[in-house]
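K.L.:
Protein sequence lines correspond, in order, to chains A and B. Under my numbering, the residues of the first sequence are numbered 313 to 776, in order. Under my numbering, the residues of the second sequence are numbered 18 to 374, in order.
Among these hints, one or two may not hold up.
Said to hold, decoys possible - Derived DSS-like pairs (lysine-lysine); straight-line CA-CA distance at most 30 Å:
id	chain 1	residue 1	chain 2	residue 2
1	B	Lys258	B	Lys142
2	B	Lys176	A	Lys767
3	A	Lys767	B	Lys193
4	B	Lys142	A	Lys767
5	A	Lys709	B	Lys193
6	B	Lys258	B	Lys241
7	B	Lys340	B	Lys241
8	B	Lys180	A	Lys767
9	B	Lys69	B	Lys125
10	B	Lys142	B	Lys125
11	B	Lys180	B	Lys142
12	B	Lys277	B	Lys176
13	B	Lys241	B	Lys69
14	B	Lys180	B	Lys277
15	B	Lys340	B	Lys142
To be verified - Derived, one-sided and incomplete: chain A residues facing chain B with beta-carbon distance under 7 Å:
id	residue
16	Thr495
17	Arg498
18	Ala502
19	Trp716
20	Ala745
21	Tyr748
22	Val749
23	Val753
24	Thr754
25	Leu756
26	Glu760
27	Leu761
Worth flagging that the hints you see were computed from the coordinates, not collected in a lab. Cβ coordinates follow ideal geometry from the N, Cα and C atoms, glycine included.
One letter stands for each residue in the lines below.
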Amino acid sequence: MLFNTPQFFLFLFVTLGLFYVSPKPWRRWILLIASYFFYMSWNWRFAPLLLSLTAIDYVAAIWMERVETPRRRKLFLILSLAANLGFLGFFKYYNFLAGMLAEVLRHDAHAFALSIVLPLGISFHTFQSMSYVVDVYRGEQKAIRNPVDYALFIAFFPQLVAGPIVRAREFFENYYRWMPPITEERLRGALWILLGLAKKMVLADQFAQIADSYFQNLAAHPGAPAAWSGVGAFAMQIFFDFSGYTDMAIGMALLLGFHFPTNFRRPYLAFSITDFWHRWHISLSRWLRDYLYIPLGGNRHGPLMTYRNLMFTMLLGGLWHGASWNFVIWGGYHGALLGLERVFGRKHFQEPPHWLIYPFRAAITFVLVCIGWVFFRAATLPDSVYVIQQMFSWHGKGILIPAWLGCVLAVSLVIALFEEKTEWIERLARGPAWGYVAAVVTLLFSVELIGVTEKAVPFVYFQF
Amino acid sequence: MRAAPVLLASVVGFAALEAAVFHTGLYPWILSPDSSTGRVETVIRNERERPKIGPQVLGIGDSRMLLLPRLSNQRTPQTGYTFATIATPGASTRSWYYMLRDTDPTAKLYRAIVMAVESYDDADKWGDEADNDADLNYNIASLRLSDLWEYSRSYDSPKQQWKAARGILLKGLVYKRDLEDLLLHPVSRFRYAQLSRRDSANWLYGYDGPPDTLLAFRIDWEAKTVMAPPDANHDVVDGLKTRLLLPLPPETGDQSRYMKYWLGKIQERYRGSSTRLIFLRLPRGGFVRPDQPRFNPHSSVRDLAAQPNVTLMDEHLFDSLEKPELFHDEMHLNGPGMNLFSYMITDEVSRILGLPR
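Work out the full structure, taking the sequences as your base and the hints as a guide.
P.N.:
Here it is as structure tokens:
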């Protein structure tokens, strides 16, 4: 059940209805049942997996609080992390490692491979679960006693499959002091959902067609213009796809009275790679910083260790996205760029430049990010190298992006620039009703007339 | 301000604007005349605007219903009837119903409607015609909200049923491709649509068909090959192979069910009116395959023939046209073939109807 299908909207409508007409004590159950129903609608066989991971972390956290010696606390932490990483490793990385082993032993590439289906959202819910256990271990979070509450934290359907990765503290602060959303929040929630749907169906899915036509047949589109338009289309696809999903998740949570953190802040307006990672998939960047980079030592042990920690964090961040060398290289590429920016002066890349220089810096950053996206999208490493060669080949003809989509993109860019200063969704929700109605009608019309409606295209991050 | 009324107003606002643009004649006014919907709307508009003096006969069918009113009407002084056609390439029997509903809203305009069918036996086809994806595009401008249930249910697969229901509710979804084209070339579209509104009736009326023939082609039925001249059009060769050499589709009864439903609805619409429904079986092609579909005594048209306002032309009336020199591809008559076909229809319809009173 994808977010961009009528079935999902029916499900959401029914869930919201049941949630608000039920007595308060029932509501957690309704949300939990709805979340598992949502998860099982994709593949019911994985429900026991989600349930067992939930049970393991729930019990481990309680025991961590009960035992008194730090050694035992650590033991429970290790057991919990081992279970999470074990499941994640098996489902996500087994075939990758088996392929490498087969190569080392000079066997057939699929000699040790297993037919494994990746459970929906496993990368997200395991990270969320692990952050909770680590927080309990560190004493930053009290263990949750009510299993229904904890199960809901892990399975909450708006963010179950592709985030944002919410910290337990954020979720439970909201949960235990739950207040029904006020009018403005309801309006804002509905607008977020619609905006996310429009981003996905109007922009991401249109750009996906161009990116797919390029990357699925590289030989048919030689030269720089085609390569840049193919890569640029993918850059737009992945941004609008993922941020569209996140907007919908934030909107749904808001309608249910939950406040999710922002996951994207116009990342293609970043003026440096450091700034980019403060704007792109913020909840993952934050997780990597708090649970990997800082525990590794962060920047506390001199420049060399900082570069090492940065690189290690980004390599693992890349690998988190998928089991392939392309993702590792993508992570390494960003790690190297972050390291380089530190070499040339951290302050220089953290504080916005003069407004006259800003557009050039933003353009350079966008180009660097696009080069990284090649590794993310291309099927193989040789394909990635070929695409980058084509991008800088200075020959060829034929831009693949049609004029009308370019116009839509230009309008989106203007809106994004405008929103950087104005936060128009908040303004619309607070402003006069006619403005809100006009915005909704415009978004619905854009989904109807420009959106890809022939088939529901899965979200890119659903595969992670 | 409360959330529910604002959200409701937003949905109502969207529905109202959608209805104003797509459920009225506003958008069809600038449709591309070359699109499926545009073609249908063009022939319907031309026919509705055509001055009708004296008893009228209307032809309907797909691209093979090559009745040339220009020729038929040369004989009006003798026959007393004026002929017209709304036959449209690709139009299915389901489309005919909605085309007739728009062309003849009172079901009283015509003395006769001549419907050209491929077979009197409801021969099955490869693929389920009830699930024809293109029909929605042909009919979208004619469909009303009240058609929602029946039209969408007339498709067999749930996927197509959903697509049709969604399309009737939100017509913009069906016009989407046309709209993208309009946004890309708005000025040329407006000009072309205007030109089509002004001149298309003459373009269609003046059409005289291609001169090409199939005389240079041979079919070896034993070896199952098409022998074509070296400079032959590949599309024609492929068309001949597909139509003549592939095995006949299995008999499922789907086509009969489909035809009975839609022809039945057309007949029902004209029940009690003075309009006679006349069926003709189209000439099958320049080459006729030796294995013909089985005779079906209870096919849609044979069953309908029992009705008082329905007449079947002789099934073999047009067999004399089934010659390579009268076709330009696997199933379409060429210029001379169209001329003969038109005269034959004119004579036979006039004979069936008799002189007008």
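K.L.:
Now tell me if each hint is right for this structure.
P.N.:
Evaluation of the provided hints:
no., hint, result
1, B/Lys258 x B/Lys142, "holds, 16 Å"
2, B/Lys176 x A/Lys767, "holds, 11 Å"
3, A/Lys767 x B/Lys193, "holds, 14 Å"
4, B/Lys142 x A/Lys767, "holds, 27 Å"
5, A/Lys709 x B/Lys193, "holds, 29 Å"
6, B/Lys258 x B/Lys241, "holds, 8 Å"
7, B/Lys340 x B/Lys241, "holds, 19 Å"
8, B/Lys180 x A/Lys767, "holds, 11 Å"
9, B/Lys69 x B/Lys125, "holds, 12 Å"
10, B/Lys142 x B/Lys125, "violated, 33 Å"
11, B/Lys180 x B/Lys142, "holds, 22 Å"
12, B/Lys277 x B/Lys176, "holds, 23 Å"
13, B/Lys241 x B/Lys69, "violated, 50 Å"
14, B/Lys180 x B/Lys277, "holds, 23 Å"
15, B/Lys340 x B/Lys142, "holds, 23 Å"
16, Thr495, "holds, 5 Å"
17, Arg498, "holds, 4 Å"
18, Ala502, "holds, 6 Å"
19, Trp716, "holds, 5 Å"
20, Ala745, "holds, 5 Å"
21, Tyr748, "holds, 6 Å"
22, Val749, "holds, 5 Å"
23, Val753, "holds, 5 Å"
24, Thr754, "violated, 9 Å"
25, Leu756, "holds, 4 Å"
26, Glu760, "holds, 5 Å"
27, Leu761, "holds, 5 Å"
In this structure, the earlier hints numbered 10, 13 and 24 are contradicted, and the remaining ones agree with it.
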